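Using the UniProt record's numbering, read the sequence shown as starting at 1 and increasing by one per residue.
Just so you know, these hints were derived from the structure itself, not from any lab.
Heads up, a few of these hints could be off.
[What the hints assert, rightly or not] What follows is a list of derived Cβ distance ranges for each label pair:
| no. | residue 1 | residue 2 | range |
| --- | --- | --- | --- |
| 1 | 26 | 60 | 24 to 34 Å |
| 2 | 13 | 59 | 38 to 48 Å |
| 3 | 14 | 62 | 19 to 29 Å |
| 4 | 55 | 28 | 17 to 27 Å |
Remember, it's a predicted structure, so these values are computed and weren't measured experimentally.
Even glycine gets a Cβ: it sits at the ideal position worked out from N, Cα and C.
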Amino acid sequence: MVLCGNKCDLEKYREVLKEEGLRLATSWRIPFYETSAHLRTNLEESLYHLAREVRNRSRPAIP
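Throw the hints in and build the complete structure from the sequences for me.
Quick look at the structure:
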């Protein structure tokens with residue numbers, strides 16, 4: 001799982017502080033990314049991280 005705060009390019013409309021997102025992600029032990037599709041900020045990083053997790057969980061355990 002990955003926690004993403006989207007539209008980080010629209011700072012004046014921010015409703016959740018970055019620190020709150022980090023605190024929640026830390027308590028859930030997951031990565032936190034602030035993303036913006038408009039500026040292409042952290043899009044690849046967050047999606048690659050999620051894809052790696054899905055791939056790793058899909059692999060059968062080696063006995």
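Hints, verified against the model:
1. 26 with 60: 24 to 34 Å: Because 31 Å falls inside the window, the suggested range holds.
2. 13 with 59: 38 to 48 Å: 41 Å, holds
3. 14 with 62: 19 to 29 Å: 45 Å, violated
4. 55 with 28: 17 to 27 Å: 20 Å, holds
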